[in-house]
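Student: Sequential numbering from 1 applies to the sequence shown in UniProt numbering.
These are computed hints drawn from the structure, not numbers from a lab. Hints may be right or wrong, so weigh each one.
To be verified - EDC-like mimics (lysine to aspartate or glutamate), calculated; alpha carbons at most 16 Å apart, straight line:
id, residue 1, residue 2
1, K108, E176
2, K163, D32
3, K102, E176
4, K200, E98
5, K108, E223
6, K163, D96
To be verified - Beta-carbon label-pair distances, calculated as ranges:
id, residue 1, residue 2, range
7, D99, P22, 33 to 41 Å
8, E146, E109, 26 to 34 Å
9, S27, A182, 36 to 44 Å
10, I21, F188, 38 to 46 Å
11, P187, T166, 38 to 46 Å
12, E109, L50, 19 to 27 Å
13, D96, F188, 24 to 32 Å
14, L50, D99, 43 to 51 Å
Small disclaimer: the values here were computed from a predicted structure and weren't measured. By construction, the Cβ of each residue, glycine as well, lies at the ideal position given by its N, Cα and C atoms.
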Amino acid sequence: MPIRKGSGVPDYHEIGKRRPIPLQFNSLPFRDHSGNTAYMAFYSYRNYPLSRLFVFAINTHPDASPDHVNQKGLLNALMNGSTRFRLELFFLPGADEEDCMKHYRGEKEVRGDYHAQITIVEESNLDQDFSPDCRQLLGLVPSYTECGELNHYHSMLFICEGKNWTDGEQIMRMVEFDPVSAEEWAPFQDPDGPTRPAEKWVTVWPINESPSYREGNSSVQGEMLEN
Numbered sequence: 001m002p003i004r005k006g007s008g009v010p011d012y013h014e015i016g017k018r019r020p021i022p023l024q025f026n027s028l029p030f031r032d033h034s035g036n037t038a039y040m041a042f043y044s045y046r047n048y049p050l051s052r053l054f055v056f057a058i059n060t061h062p063d064a065s066p067d068h069v070n071q072k073g074l075l076n077a078l079m080n081g082s083t084r085f086r087l088e089l090f091f092l093p094g095a096d097e098e099d100c101m102k103h104y105r106g107e108k109e110v111r112g113d114y115h116a117q118i119t120i121v122e123e124s125n126l127d128q129d130f131s132p133d134c135r136q137l138l139g140l141v142p143s144y145t146e147c148g149e150l151n152h153y154h155s156m157l158f159i160c161e162g163k164n165w166t167d168g169e170q171i172m173r174m175v176e177f178d179p180v181s182a183e184e185w186a187p188f189q190d191p192d193g194p195t196r197p198a199e200k201w202v203t204v205w206p207i208n209e210s211p212s213y214r215e216g217n218s219s220v221q222g223e224m225l226e227n
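Throw the hints in and build the complete structure from the sequences for me.
Tutor: Shown next, in the form of structure tokens:
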């Protein structure tokens, strides 16, 4: 995929010898299950604003608002040249880590996952109504365990540590939760270790542009692209 020099921002997508297809940035507001305004941020082919199915949830700082967040800049900083996922930005005033986890579960319960939505479409009659009036929000990732054998948590979200992602150390907390069952964990279990993963696993990673980031170290981008 051609990239603008010095940016990591995709300019266009090229397939074989076909004419390059320009890309466009999209920011789509929507109401989450609790009635708050949230945003989908993603790149798509120009004039065809179809969102990517794979998604990462970003929960913002408790004092943040949509006016404080440069969504395009954040997506550009995180995707590192990839356009295969979308971000969903949730603004939950005063929320702590547990609140963010509860919100994610509630959102998934209401919207379902995209595998189930694909199945419904594939099994539906061709004459079934899929007009804008009956559309629903895209589902969330069925389980992040599908992304690799070392992923032992079904749910994942990121929490921005600053009011604006460009503030301070430019770091994010990655919260993994809803662990696999003891049976699923057994092949990876240390003989002297726990019989199941911890209920949640929290790590802190810098964005590539963070003052604390050193080339070769892991980062938010690295963790995302491993999924």
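Student: Between the beta carbons of E109 and L50, is the distance compatible with 19 to 27 Å?
Tutor: With a Cβ separation near 25 Å, E109 and L50 satisfy 19 to 27 Å, so the hint holds.
Student: Assuming the hint says 33 to 41 Å, is it satisfied by the Cβ distance from D99 to P22 or not?
Tutor: holds (40 Å)
Student: Range hint 24 to 32 Å: satisfied by the CB atoms of D96 and F188?
Tutor: The hinted range 24 to 32 Å holds for D96 and F188, with Cβ atoms some 30 Å apart.
Student: Look at the Cβ atoms of P187 and T166 and judge whether their distance stays inside 38 to 46 Å.
Tutor: holds (42 Å)
Student: Starting from the hint 38 to 46 Å, judge whether the C-beta atoms of I21 and F188 obey it.
Tutor: Check passed, 41 Å falls within 38 to 46 Å.
Student: With the threshold set at 16 Å, check whether the alpha-carbon distance from K108 to E223 stays at or below it.
Tutor: The hint is violated at about 22 Å.
Student: Is K163 within 16 Å of D96, Cα to Cα?
Tutor: holds (14 Å)
Student: Starting from the range 36 to 44 Å, see whether the pair S27 and A182 falls in it by beta-carbon distance.
Tutor: holds (42 Å)
Student: Between K200 and E98, is the straight-line Cα distance small enough, at 16 Å or below?
Tutor: Since the Cα atoms of K200 and E98 sit roughly 10 Å apart, the hinted pair holds (cutoff 16 Å).
Student: Can you confirm whether the C-alpha distance between K102 and E176 stays at or below 16 Å?
Tutor: Roughly 13 Å between the alpha carbons, so the hint for K102 and E176 holds.
Student: Are E146 and E109 spaced within 26 to 34 Å by their CB atoms?
Tutor: Since E146 and E109 have Cβ atoms about 19 Å apart, the given range 26 to 34 Å is violated.
Student: Compare the distance between the alpha carbons of K163 and D32 with 16 Å, and conclude whether the hinted pair is satisfied.
Tutor: violated (21 Å)
Hints 2, 5, 8 and 14 from the list above are not met by this structure, while the remaining hints are.
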